[in-house]
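Line by line, the protein sequences are chains G and D. Letter by letter, the first sequence follows residues 616 to 859 in my numbering. Letter by letter, the second sequence follows residues 9 to 226 in my numbering.
These aren't lab readings, by the way, just hints derived from the structure by calculation. Do not take every clue at face value.
As the list claims (entries may be wrong) - On the chain G side, residues computed to face chain D include the following (Cβ under 8 Å): (1) Val697; (2) Ile748; (3) Gly755; (4) Leu759; (5) Ile763; (6) Ile775; (7) Phe783; (8) Leu786.
As the list claims (entries may be wrong) - Every beta carbon over 12 Å from chain D, so not counted as near; a handful from chain G, in silico: (9) Val648; (10) Phe655; (11) Ile670; (12) Leu679; (13) Leu686; (14) Leu689; (15) Arg698; (16) Leu722; (17) Ala726; (18) Met732; (19) Trp737; (20) Tyr756; (21) Ser774; (22) Asn792; (23) Leu832; (24) Ala850.
We treat Cβ as the ideally placed atom computed from N, Cα and C, and that holds for glycine.
Okay, here's what each chain looks like letter by letter:
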Amino acid sequence: MPSLWEYANPKKFIDTTSRVTPWLFVAAFLCLVTGLTWGFFFTPDDFRQGSTVKIIYLHVPSALMAINAWLMMLVASLIWIVRRHHVSALAARAAAPVGVVMTLIALATGAIWGQPMWGTWWAWDPRLTSFLILFLFYLGYIALWEAIENDDTAADLTSILCLVGSVFALLSRYAVNFWNQGLHQGASLSLDKEENVHDVFYHPLLICIAGFVLLFLALVFLRTQTEIRARRMRALLARERLTA
Amino acid sequence: MTALLLRDLRLAIRAGGGFGLGLAFFLIVVVLVPFGVGPQSELLSRIAAGTLWIGALLACLLSLDRIFALDWEDGSLDLLATAPLPMEAIAAVKALAHWLTTGLPLVFAAPVLAILLNLPPAGYGPLVLSLLLGTPALSMIGTFGAALTVGLKRGGLLLSLLVLPLYVPTLIFGAEAARRGMDGFDTTTPMLMLAGITCGTIALLPFAAAAVLRVNLR
Numbered sequence: 616m617p618s619l620w621e622y623a624n625p626k627k628f629i630d631t632t633s634r635v636t637p638w639l640f641v642a643a644f645l646c647l648v649t650g651l652t653w654g655f656f657f658t659p660d661d662f663r664q665g666s667t668v669k670i671i672y673l674h675v676p677s678a679l680m681a682i683n684a685w686l687m688m689l690v691a692s693l694i695w696i697v698r699r700h701h702v703s704a705l706a707a708r709a710a711a712p713v714g715v716v717m718t719l720i721a722l723a724t725g726a727i728w729g730q731p732m733w734g735t736w737w738a739w740d741p742r743l744t745s746f747l748i749l750f751l752f753y754l755g756y757i758a759l760w761e762a763i764e765n766d767d768t769a770a771d772l773t774s775i776l777c778l779v780g781s782v783f784a785l786l787s788r789y790a791v792n793f794w795n796q797g798l799h800q801g802a803s804l805s806l807d808k809e810e811n812v813h814d815v816f817y818h819p820l821l822i823c824i825a826g827f828v829l830l831f832l833a834l835v836f837l838r839t840q841t842e843i844r845a846r847r848m849r850a851l852l853a854r855e856r857l858t859a
Numbered sequence: 009m010t011a012l013l014l015r016d017l018r019l020a021i022r023a024g025g026g027f028g029l030g031l032a033f034f035l036i037v038v039v040l041v042p043f044g045v046g047p048q049s050e051l052l053s054r055i056a057a058g059t060l061w062i063g064a065l066l067a068c069l070l071s072l073d074r075i076f077a078l079d080w081e082d083g084s085l086d087l088l089a090t091a092p093l094p095m096e097a098i099a100a101v102k103a104l105a106h107w108l109t110t111g112l113p114l115v116f117a118a119p120v121l122a123i124l125l126n127l128p129p130a131g132y133g134p135l136v137l138s139l140l141l142g143t144p145a146l147s148m149i150g151t152f153g154a155a156l157t158v159g160l161k162r163g164g165l166l167l168s169l170l171v172l173p174l175y176v177p178t179l180i181f182g183a184e185a186a187r188r189g190m191d192g193f194d195t196t197t198p199m200l201m202l203a204g205i206t207c208g209t210i211a212l213l214p215f216a217a218a219a220v221l222r223v224n225l226r
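Kindly produce the complete structure, drawing on both the sequences and the hints.
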């Protein structure tokens, strides 16, 4: 019976993902083009926010992916700690820079939207603050990966950091709620409510989110392949130096 | 365990630097703030609690890399690891020693320095209590961070970057408690949250720190 753990084999992982990745890129591109074009040009302006409402098509998906990338890193770190599959550790490493870029996009688009709407680029609002903290977590995680030379040590230390960091990130999320009442509106999307965003904006938003998810997957696959190949190359070079 | 604790305390006091450094830094931060923001006493008394908390946090941060670095360099950490004491206990004792030499003096120094910042009289009790509750968490989190970066050549900067976001919840609740106390509001909720964070970190982080140390000593 085929199982997910087959992909712990780097060769199997590369074989499968290198076939899938181009299609993911194409699908992501199509989704983003459709979603963004539809969102930017074929939706009406909001009666209160005017055309600035359209930044939602970048802001919400990137914010969503910023959090989900960390979640993916958490799961990958757990798999590394429990089952010690190298692909899993490398996937966590590959996801971090993508996650940090998503966080930056969310922060930047938020600031651009906030300037005309709230009259300020930045406010110490719970959501903004917790995203800033998430950004710091990403930076620390990436810096720790880069700083350690031994691959296995780096994988171990960063995965433990990811676990501890997740607990503290959650804690900070609730701490900042306590600390300051927010300017930021409630969730744009939620599973338990019928509709928070009007249908006109909702459908292109869903397509944009799908595009961001596909793009994230494609980038993580590509970066993981690169990491695997880079590591294999280093091993080959080391072996060559030994025999020469 | 007691022997290790006494050894660390003795080293911290006799070797100089480590013990006084945190306090001196705390003093510097608190003295420099009025120069930075201006001498109006209403303004100073409004930011006093927050400044003292930030000063305490930075002073803590400054002394973190001493927790394991020296023992790592001269090999005593390897000896400790082979000792019958479990790694978790070593991490916990190290954190306790760090708190006794850094956190506790800060708690005692804070009310004195608060005079400089014109803290309202109602604020002294909550400030000292919040620091007393919060600084153990700072030491424990810092021990985890120090254990993470112990093997690195220039781990100091990385250590600050890693520990900074971990300190945020403690700082929020600690400073909030001190501020509410200063304004005469009820401080029960932030104090309880602060105590909860401290208890949680003391309960869980020794295990994380020990796991990290084992990886680094491999």
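Verification of the supplied hints:
no., hint, verdict
1, Val697, "violated, 13 Å"
2, Ile748, "holds, 5 Å"
3, Gly755, "holds, 4 Å"
4, Leu759, "holds, 7 Å"
5, Ile763, "holds, 7 Å"
6, Ile775, "holds, 6 Å"
7, Phe783, "holds, 5 Å"
8, Leu786, "holds, 4 Å"
9, Val648, "holds, 36 Å"
10, Phe655, "holds, 35 Å"
11, Ile670, "holds, 27 Å"
12, Leu679, "holds, 21 Å"
13, Leu686, "holds, 17 Å"
14, Leu689, "holds, 14 Å"
15, Arg698, "holds, 16 Å"
16, Leu722, "holds, 15 Å"
17, Ala726, "holds, 20 Å"
18, Met732, "holds, 26 Å"
19, Trp737, "holds, 17 Å"
20, Tyr756, "violated, 8 Å"
21, Ser774, "violated, 10 Å"
22, Asn792, "violated, 10 Å"
23, Leu832, "holds, 27 Å"
24, Ala850, "holds, 20 Å"
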